[in-house]
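Novice: Going down the list, the sequences are from chains A and B. Under the numbering used here, the first residue of the first sequence carries the number 1, and numbering increases by one thereafter. Under the numbering used here, the first residue of the second sequence carries the number 1, and numbering increases by one thereafter.
To be clear, the hints were calculated from the coordinates, so they are not data collected in a lab. Treat the hints with care, as some may be off.
Identical copies go unnamed one by one, so any copy, or any two together, can satisfy a pair.
Derived pair list, reagent style SDA-like, types lysine to any residue, alpha-carbon separation capped at 25 Å [said to hold, decoys possible]:
(1) 171 / 146
(2) 205 / 226
(3) 136 / 269
(4) 42 / 226
(5) 205 / 53
(6) 278 / 15
(7) 278 / 242
(8) 42 / 146
(9) 196 / 88
(10) 111 / 25
(11) 48 / 140
(12) 196 / 224
(13) 42 / 340
(14) 115 / 60
(15) 111 / 51
(16) 111 / 78
(17) 115 / 307
(18) 136 / 224
(19) 48 / 143
(20) 48 / 283
(21) 278 / 239
(22) 278 / 160
(23) 196 / 337
(24) 171 / 38
(25) 205 / 143
(26) 115 / 26
These figures come from a predicted structure and were not determined experimentally.
There are 2 protein chains.
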Amino acid sequence: MPDTPLKVAIVGLGWWATAIANGAQRSEELEIVSCYTRNEEKRAAFAKEYGCEPAESYEAILADGSIEGVLITTPNTAHAGQIEAAMAAGKHVWVEKPITNTLAEAPGVFKAWRKAGRTLAVGHCYRRAAGHRMMKRMIDDGTLGRPLWAEAAFTNPAGQNFTTDRWRYFKSECPGGPLMQMGIHHCDTLQYLLGKPMRVTGLHKRLATPAEIDDVSMTLYEHESGAVSNVTTCFTSPNMFTMKLHGTEAALHLEMVRENLTFAERTNEETTLLIEKKGETGWMQVELPAMRDMVQDELEEFARCARSGDAPETGPAEAVHALAMVEGSVRSAEEGRPLEMAALLDGIDL
Amino acid sequence: MPDTPLKVAIVGLGWWATAIANGAQRSEELEIVSCYTRNEEKRAAFAKEYGCEPAESYEAILADGSIEGVLITTPNTAHAGQIEAAMAAGKHVWVEKPITNTLAEAPGVFKAWRKAGRTLAVGHCYRRAAGHRMMKRMIDDGTLGRPLWAEAAFTNPAGQNFTTDRWRYFKSECPGGPLMQMGIHHCDTLQYLLGKPMRVTGLHKRLATPAEIDDVSMTLYEHESGAVSNVTTCFTSPNMFTMKLHGTEAALHLEMVRENLTFAERTNEETTLLIEKKGETGWMQVELPAMRDMVQDELEEFARCARSGDAPETGPAEAVHALAMVEGSVRSAEEGRPLEMAALLDGIDL
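All chains, please: the whole structure from these sequences, using the hints.
Specialist: Right under this line is the structure:
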């Protein structure tokens, strides 16, 4: 644990900022000292709720020498510029996924990060959930045998009511729709479980949302390990979060209830992990170890890395791969062919 | 019910013939009077077990005027020739899926069938399972809302031990591997639930089988209704049969235990169908009506159609679509691009 909590400011105060701020409050390793969003009333309310100072502007945060890092929970299109500005000001950055809105923005972020030599951690918290950590352990200890395939889905019905005052309504602000907003978590977890993806084939459809984004996606991934995976996302069907993983010796089925993710401390207790071993019939419950919640866990790792200079588990390289799994799916669907991950990442100095 | 049971012979006496013969024995609508396989000992044992006469040859069955129909449960490569010969002999035919081994064989079968004017029913029994019938009902009565996407998987570990004395070992005899042998059932059920498929994108890998077939497949389908689906099959991971279906108003999750499919009468009681409605949290069990098992059901329909001249639910047209969903997936993977179903079916007189 650091000697004193890492002093951070949070910028972008939507519903996910609440989840992040709650996670920070559960920790003694970082302290939110400042917050900013354009709306003055909103930032005053947030400052009051979380016992921090409302800042006049993002620039004021960056100019404040007492602030060591920023937590960025703004809309995706703002990430690249805000990371670059924070790095230039010598701040450590934790940014909610995706690292940037598009792969085209990644080189600028990498350049700013390398020049600054500060910590850049990206909010791919789901791989830290107790169930996914246990799945990884069961790969590593041989319980699963050779991993062969995974099937993941992440859905919610919010897109049935999207209106033009929400940035998720627009293709330019939310390319990839539900795959970018929800499925990217599965993308990151799949690279964690099955190794880097090599090839991507995507299918995107607009079926039931009034928004201009596609609301259903299905994507096939081929991983460097040989294993294959598919990710289904939907913005217009009931809440569901599942991850199936089959190996030669066992099958695993994870399901998480995620209606109340702003209460991330509940994700562990609302997780079910089942196993079926080869030669046995029926699913058995896997007992999960007591763990910190995934949000608190990622924020504390960020604070420790900022102090130690260690690399966070999901730094820019992992985050850009996850982003390429999303953008590659969208481009693959547009072009009607599988795309190579290496080609998508060409020109990004990983 | 027909006045007297339809007199049928069964040809090809492997493990699936046992399931079919058991299904026939549970019914009063058809009677197995004769059986044939090349191995004399095997057919004598089968004849004794099921109280029928062993035939000297398939030709002898076709020449026997007292036999009204044949049940074909031979390896896939034999189907086309045996259907054509049976049709030429004026017999009704029930053939286990796939209707033929390849789409190239389909035109010959269609020609023989049209010329003979006899019943040709194909064994796509799974859509008849209580759970799938209930899913269809919940689409039709609006419970599901607009169907958006489905995710289906069908796996078993048999391919870990495939040897060269089994026809499923060889690509030429079992093109599509687990998608042809197991996943084709999901293909048929998906066209039943979501309408005809329009486009197919496949991915096939050989990961953990000693056989020459690919043992893992993932396929994306776009249906004429707009809905999308994916089918995952694996011959080298533990037994699993699942079907998820999400619509705008509800999500359904079906799981069947299929270790003992030769006891098809158990499939209904070993089925779990869960529903989650929009706005509610957590899955609720759906009560399934008491039904005949899916094998008995399909055989009785065959017997009735043979007598009445009615079209069976899965006749040659439905079966060729299901086959095209398999062969299209394989060809799509080879060509590295999505394929149009219409192009795959070109030249087949549906």
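Novice: Measure nothing new, just compare the shortest in-copy and cross-copy C-alpha distances for residue 196 and residue 88 to 25 Å and report within, between, both or neither.
Specialist: The answer is neither: 30 Å in one copy and 56 Å across copies each exceed 25 Å.
Novice: Can you tell me if residue 115 and residue 60 fall within 25 Å by alpha carbon in one copy, between copies, both or neither?
Specialist: within (22 Å within a copy, 85 Å between copies)
Novice: Checking an output row: residue 115 and residue 307, CA cutoff 25 Å. Within, between, both or neither?
Specialist: within (18 Å within a copy, 82 Å between copies)
Novice: How would you classify residue 205 and residue 53 at a CA-CA limit of 25 Å: within, between, both, or neither?
Specialist: neither (44 Å within a copy, 56 Å between copies)
Novice: With 25 Å as the alpha-carbon cut-off, assign the pair residue 136 and residue 269 to within, between, both or neither.
Specialist: Answer is within; shortest intra-copy Cα gap is 19 Å, inter-copy 34 Å.
Novice: Can you tell me if residue 196 and residue 224 fall within 25 Å by alpha carbon in one copy, between copies, both or neither?
Specialist: within (6 Å within a copy, 34 Å between copies)
Novice: When no copy is named, should residue 42 and residue 340 be tagged within, between, both, or neither for a Cα gap of at most 25 Å?
Specialist: neither (44 Å within a copy, 52 Å between copies)
Novice: Have a look at residue 278 and residue 15 and pick one of within, between, both or neither, based on CA distance no larger than 25 Å.
Specialist: Between. Shortest inter-copy distance 21 Å satisfies the 25 Å Cα cut-off; intra-copy 43 Å does not.
Novice: How would you classify residue 48 and residue 143 at a CA-CA limit of 25 Å: within, between, both, or neither?
Specialist: neither (49 Å within a copy, 45 Å between copies)
Novice: At most 25 Å between C-alpha atoms: does residue 278 with residue 160 qualify within a copy, between copies, both, or neither?
Specialist: Answer is between: at 11 Å across copies they meet the 25 Å cutoff, but 41 Å inside does not.
Novice: Is the C-alpha distance from residue 42 to residue 146 at most 25 Å within one copy, between copies, in both cases, or in neither?
Specialist: Classified as neither: same-chain Cα gap 51 Å, cross-chain 38 Å, threshold 25 Å.
Novice: How would you label the pair residue 111, residue 51 (within, between, both, or neither) given a Cα cut-off of 25 Å?
Specialist: Intra 35 Å, inter 80 Å, cutoff 25 Å: neither.
In terms of the numbered hints stated before, the structure departs from hints 4, 5, 8, 9, 10, 11, 13, 15, 19, 20 and 26, listed from lowest to highest.
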